[in-house]
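**Student:** Residue-level listing of the chains:
2 protein chains.
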Amino acid sequence: MKTFFIAAIASLALLTSSCMENKSENKETELQAIFPKGEKLSNEWFTGNAFLQPLVARDKNNDFSAGNVTFEPGARTVWHTHPKGQVLIVIDGNGIYQEKGKPAQSLKVGDVVKVPENTEHWHGATATSKMAHINITNYKGDEQVQWLQPVSEEEYNNGNKK
Amino acid sequence: MKTFFIAAIASLALLTSSCMENKSENKETELQAIFPKGEKLSNEWFTGNAFLQPLVARDKNNDFSAGNVTFEPGARTVWHTHPKGQVLIVIDGNGIYQEKGKPAQSLKVGDVVKVPENTEHWHGATATSKMAHINITNYKGDEQVQWLQPVSEEEYNNGNKK
Numbered sequence: 000m001k002t003f004f005i006a007a008i009a010s011l012a013l014l015t016s017s018c019m020e021n022k023s024e025n026k027e028t029e030l031q032a033i034f035p036k037g038e039k040l041s042n043e044w045f046t047g048n049a050f051l052q053p054l055v056a057r058d059k060n061n062d063f064s065a066g067n068v069t070f071e072p073g074a075r076t077v078w079h080t081h082p083k084g085q086v087l088i089v090i091d092g093n094g095i096y097q098e099k100g101k102p103a104q105s106l107k108v109g110d111v112v113k114v115p116e117n118t119e120h121w122h123g124a125t126a127t128s129k130m131a132h133i134n135i136t137n138y139k140g141d142e143q144v145q146w147l148q149p150v151s152e153e154e155y156n157n158g159n160k161k
Numbered sequence: 000m001k002t003f004f005i006a007a008i009a010s011l012a013l014l015t016s017s018c019m020e021n022k023s024e025n026k027e028t029e030l031q032a033i034f035p036k037g038e039k040l041s042n043e044w045f046t047g048n049a050f051l052q053p054l055v056a057r058d059k060n061n062d063f064s065a066g067n068v069t070f071e072p073g074a075r076t077v078w079h080t081h082p083k084g085q086v087l088i089v090i091d092g093n094g095i096y097q098e099k100g101k102p103a104q105s106l107k108v109g110d111v112v113k114v115p116e117n118t119e120h121w122h123g124a125t126a127t128s129k130m131a132h133i134n135i136t137n138y139k140g141d142e143q144v145q146w147l148q149p150v151s152e153e154e155y156n157n158g159n160k161k
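Line by line, the protein sequences give chains A and B.
Quick note: the first sequence uses numbering that gives the first Met the number 0, first residue 0, plus one each step.
Quick note: the second sequence uses numbering that gives the first Met the number 0, first residue 0, plus one each step.
For reference, chain A alone in the conformation it holds in the complex (with noise of 0.2 angstroms):
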């Protein structure tokens, strides 16, 4: 009878801790990204730590790049203009995004925001947490962006409290 317990206790202590240790296992397949995390992005144009993952490059059918940019929690763009806008998709996190004299937005998961040409705005993680987003870039000529001037402390606090 004594053996039986025993016998019993082992074999669900193993059982629970294989379970646990898969379901760790599976936590990790979760926060698998879609792509490689890329190359750090310069601290002069990003605040904090971004990377980018190029992902289409521009050519005679398509006027755009695109890429994947993650930013780790707390990086932001500067400040920018695109003369010819630009589209974000959000594929992980919680981000911001602010036009010039316009409220923050917050961005989650599937969101697409359509950036329109010449207009000063940002975007990045919140203070909290990653998020990755693929950016389709329009040409006009051959420019796609102008960077401005970093976003402060005191603007990025404020995009926060959304």
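What the hints contain is simulated information worked out from the structure, not anything from laboratory work.
Fair warning: there could be bad hints in the mix.
A pair holds if it fits inside one copy or across any two, identical chains being indistinguishable in the list.
Claimed, not checked - Distance condition first, Cα-Cα at most 20 angstroms in a straight line; then the derived EDC-like pairs of lysine to aspartate or glutamate:
id	residue 1	residue 2
1	Lys83	Asp58
2	Lys139	Asp62
3	Lys99	Asp58
4	Lys36	Glu152
5	Lys139	Glu153
Given the coordinates of chain A, work out where chain B should sit on it, guided by the hints.
**Tutor:** For chain B alone, coordinates are given in the frame of chain A:
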């Protein structure tokens, strides 16, 4: 002593059961799509069950439309061409892409395909796995696509051999 053993067995059984329940919840979270599935696509142009969630409509800056297409296992486009090419960005599952006269290619998460202009091709899920891709389809004038004949069972089976 017997009471102790019974209590230990009962506790471990509860722990295992709770762990396994959480594990199946986690599995559901892993499989949560980035975009809504959208509307079922016509069997005139898609064999099997495929769905479209529109993401970006053409406008003065973005001379393309973009959407997310989800193919259930076995589903695929018919053969077709694009007058100004297309970009496919695979975000879920496993699929197949084939251009006329060339071997079929496997598609996996993170893959990017540049479909050339005026090239007969098809794409879809494998026979055993769903697949989802973002597509960015350029306009030539007001045209984006010319639909042709369905992918035969033989062609599809050959595509699955990869």
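**Student:** Are the hints correct? Go through all of them and say.
**Tutor:** Here is what the structure says about each hint:
no. : hint            : in the structure
1   : Lys83 / Asp58   : both (16 angstroms within a copy, 11 angstroms between copies)
2   : Lys139 / Asp62  : both (9 angstroms within a copy, 12 angstroms between copies)
3   : Lys99 / Asp58   : neither (32 angstroms within a copy, 22 angstroms between copies)
4   : Lys36 / Glu152  : neither (25 angstroms within a copy, 38 angstroms between copies)
5   : Lys139 / Glu153 : neither (33 angstroms within a copy, 45 angstroms between copies)
The earlier numbered hints that this structure contradicts are 3, 4, 5.
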